[in-house]
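Here the protein sequences come in this chain order: A and B.
Just so you know, we're using the UniProt record's numbering here: the first sequence kicks off at 1 and counts up by one.
Just so you know, we're using the UniProt record's numbering here: the second sequence kicks off at 1 and counts up by one.
Just so you know, these hints were derived from the structure itself, not from any lab.
Keep in mind that a hint or two might mislead.
To be verified - Among the chain B residues that face chain A by a calculated CB cut under 7 Å, a handful are: (1) ASP26; (2) PHE43; (3) PHE44.
Said to hold, decoys possible - Here are the simulated SDA-like pairs of lysine to any residue, each with C-alpha atoms no more than 25 Å apart in a straight line: (4) LYS50/A <-> GLY58/B; (5) LYS256/A <-> ARG207/A; (6) LYS41/B <-> ARG207/A; (7) LYS41/B <-> PHE27/A; (8) LYS57/A <-> LEU15/B; (9) LYS60/A <-> ILE53/B; (10) LYS182/B <-> ARG153/B; (11) LYS54/A <-> LYS501/B; (12) LYS57/A <-> ASP26/B; (13) LYS64/A <-> THR11/B; (14) LYS54/A <-> GLY58/B; (15) LYS34/A <-> LYS501/B; (16) LYS274/A <-> LYS50/A; (17) LYS152/B <-> THR11/B; (18) LYS54/A <-> GLU84/B; (19) LYS50/A <-> ARG48/B; (20) LYS50/A <-> THR42/B; (21) LYS64/A <-> GLU84/B; (22) LYS14/B <-> ASP98/A; (23) LYS57/A <-> GLY266/B; (24) LYS41/B <-> MET184/A; (25) LYS64/A <-> ASP55/B; (26) LYS14/B <-> CYS369/B; (27) LYS54/A <-> ASP26/B; (28) LYS54/A <-> LYS152/B; (29) LYS50/A <-> THR52/B; (30) LYS54/A <-> GLY266/B; (31) LYS64/A <-> GLU45/B; (32) LYS57/A <-> ASN5/B; (33) LYS64/A <-> GLY266/B; (34) LYS124/A <-> ARG48/B.
Being a predicted model, the structure only gives us computed values, none of them experimental.
Even for Gly, the Cβ is constructed at its ideal location relative to N, Cα and C.
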Amino acid sequence: MRFIIRDDPAAVGEYVGNYISRRINEFNPTPEKKFVLGLPTGSSPIPTYKHLIKLVKEGKLSFKNVITFNMDEYVGLPRDHPESYHTFMFTQFFSHIDIPPSQVNLLDGTVEDLIGECNAYEQKIKDAGGIDLFLAGIGEDGHVAFNEPGSSLVSRTRIKTLAYDTILANSRFFGNDLKKVPHMALTVGVATVLDAREVVVVVTGQRKSLALSKSIEEGINHLTTLSALQMHPWALIVADEDATAELRVKTVKYFKSIERVQDEVETMHRELKKKKVNGVNPNIIEQVPSME
Amino acid sequence: MPTANSLVCFTNCKLALEDGSIVQRDLWIDEEKGIIVDAQKTFFEDGRRPDTIIDVGGSIISPGLIDVQINGAYGFDFSLFPNEDAKAYDDGLRMIAERIVETGVTSLLPTIITQQKELYSKLLPLLGPAMHPNSATLLGWHAEGPFLQPEKRGAHLPGFLLKAPKGVATFEEVYGAEALSKPSVQLAKRGNITFPGVRLITAAPEIEGVLPAMEELVKRGVVYSIGHSSASSEIARKGVLAGARLITHLFNAMPQLHHRDPSIIGLLGAPPLIVADDVPLFSNDPAAIIEQFDGADPTLHGAEALSEAPSPSQSPPLSPTRPEDKPISSISARIGKRERTLDGQGVAKKLAPKKSYAKPFYGIIVDGCHSHPHSVRLAYTAHPEGCILITDAMPMLDPHLTDGLHEWRDGRRVVKEGVKLYIEGTNTLAGSVVTLDTCVRNFVQFTGCTLGQALKCATYNPAACLGIENHKGTLRPGADADLVLLDAAGNVKGTWVAGKKVWPVEK
Chain A
1 MRFIIRDDPA
11 AVGEYVGNYI
21 SRRINEFNPT
31 PEKKFVLGLP
41 TGSSPIPTYK
51 HLIKLVKEGK
61 LSFKNVITFN
71 MDEYVGLPRD
81 HPESYHTFMF
91 TQFFSHIDIP
101 PSQVNLLDGT
111 VEDLIGECNA
121 YEQKIKDAGG
131 IDLFLAGIGE
141 DGHVAFNEPG
151 SSLVSRTRIK
161 TLAYDTILAN
171 SRFFGNDLKK
181 VPHMALTVGV
191 ATVLDAREVV
201 VVVTGQRKSL
211 ALSKSIEEGI
221 NHLTTLSALQ
231 MHPWALIVAD
241 EDATAELRVK
251 TVKYFKSIER
261 VQDEVETMHR
271 ELKKKKVNGV
281 NPNIIEQVPS
291 ME
Chain B
1 MPTANSLVCF
11 TNCKLALEDG
21 SIVQRDLWID
31 EEKGIIVDAQ
41 KTFFEDGRRP
51 DTIIDVGGSI
61 ISPGLIDVQI
71 NGAYGFDFSL
81 FPNEDAKAYD
91 DGLRMIAERI
101 VETGVTSLLP
111 TIITQQKELY
121 SKLLPLLGPA
131 MHPNSATLLG
141 WHAEGPFLQP
151 EKRGAHLPGF
161 LLKAPKGVAT
171 FEEVYGAEAL
181 SKPSVQLAKR
191 GNITFPGVRL
201 ITAAPEIEGV
211 LPAMEELVKR
221 GVVYSIGHSS
231 ASSEIARKGV
241 LAGARLITHL
251 FNAMPQLHHR
261 DPSIIGLLGA
271 PPLIVADDVP
281 LFSNDPAAII
291 EQFDGADPTL
301 HGAEALSEAP
311 SPSQSPPLSP
321 TRPEDKPISS
331 ISARIGKRER
341 TLDGQGVAKK
351 LAPKKSYAKP
361 FYGIIVDGCH
371 SHPHSVRLAY
381 TAHPEGCILI
391 TDAMPMLDPH
401 LTDGLHEWRD
411 GRRVVKEGVK
421 LYIEGTNTLA
431 GSVVTLDTCV
441 RNFVQFTGCT
451 LGQALKCATY
461 NPAACLGIEN
471 HKGTLRPGAD
481 ADLVLLDAAG
491 NVKGTWVAGK
501 KVWPVEK
């Protein structure tokens, strides 16, 4: 696991935005070979989306050949409800970039056959060739997507009852009326996220610091579902200083030293790859192995 | 390459919304259908996004301006019918509709001032709602007269003023029964216009026969405006109870504000709902609040715009109340069951459904001379939701007209000084020559309101008064894509009608 610390949420957004942009551009997606990106909602990824939008407007990045899969959606909330994740994704991201609507996938919580919807979603991901990079956030209780504490760590896309904590936290978006907050959601499973070839997690703010500590400083535990990330071969967490408040000094120092070395190695390999363009097989250095 | 779709996205813009706010947001329209679309629905449900993106560089996009009182422009007078030449008259209408868009106006209501009564039945049929290419929409007609108070006649000719001893029958005699009949669906479809057309009558409530006639005519979809009147406060209130939704050029051609009898102007100080005599005005008992007027004939609304979203409520053109008014809806919600409520003892008692009437809108000329800036601010402070900016412009209206001497009528000449027009050799004002976009900028200056709030007074408020706010004066999905592009100071940079750019004309 790689762990990057930046000063504030804006700097985190810029780092993650540049990181995703680099991944997509290095992948060099085409209509035949599209890049598949998993996306979250919530406040943490907003600076990242802002930065990606900026890159698109500057012509440095395009989503023309990118397929997206979103993590989750409420059940029973109309898709054009101001608090639906459809609305969030459209207003925060999709309306500002150049992605064709046909390449955008979100779970539909308004259908009659919810189980069928979930199974079809898993199949759709498979048909797209799996997810190349899954961007994620984290809940205050360490949940990833709507995989609340106690969720199976090998779970797949399914219907999920929201934890009381999450309902309370989300009630602020529903006029502080608990009855108006949907109590169910469709969500990708922990295993669906871990299946992605790469997972990038954004963690910002002091309120997330305990969850971050439990996710990376303790063992794998279904009460902190993000801790399952420890089993992923190619994971990256990017946090701001506030979110590190509960981490041990030793942890922070260690990961900061990794970042430096990682940068050096990545630069070295990129140079090497350039030299190899006319070589026998450029694919042998497709990806820099993690220093972890 | 497949051809580009007809969707257009305006980006890097600030939208002037119908609540008077200005928000940074993109706007999607369908150029072919000429309407505003629900962007999110288009994206997720139709799977489409605009191929054309217009970066407006941070400008403001407002619904196109609506002028409900304009007597003519660019030298053409709506009230004159020389040689009874219908073709020439229609050409004049088209000419104004085509040129007025440079002032940000995308809809106008040609206004006929008092004429000899024979003329109405000839002119009104020529003034149906109409849409011509690259032109502002002609909404219908505004008849200012002849049922006016002679002592408040202003520039109207006293010899042509009439009473209505036979009520509606007199009105039909003067305007023509056809012009006052209930609009048919055919009329609603005319010229791709999706509403039945606007018919606005300014009349003085104290003139014999006017109120009984108006009570009947509002049921047929006519909008009643109180004006050119010396009505007392009580008569003005009766005018509202008869269905008046508008006051014509506030402060002008009406009694001055007197604190003991504030007359027509005093309506601005009335409570939000004007109710019948037997109901206390400010009551805590919801039972005392009146049921909303429900006389609307749904066939009169015309076809809905090619709506992609369920249409929000729209005031029926003939209803004196505005159903979207918050006081009514919140009260209805509180009452729950319409006709039942509980008194203090928990006993259900029956309520007779009664009519309530929203405070009327008022048109106000914001050229700085027809109403003093302080008067404008006074009116706006008293009743911001009812404010409608009008030009009441004379045929001399032409933003390109230079200051100095100009030929007028009957060999008389006028002197133009900025927005003021004097009869030569006098200091008598010869009417207004202010453009509506200038009124918007003046209004910001006079009242200290935001540009968004001022635009609301020239867009959403007039549309709501006329009952066409699902189609005009709004950026709601499904509404006509009539747009005006403004800089931060409110100067018009471009105008679109039904999704087509009409000004400045691209070379």
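Quiz prompt | Hint check against the structure, violated hint numbers in rising order | solution = 6, 7, 10, 11, 15, 16, 17, 18, 21, 23, 26, 28, 30, 33
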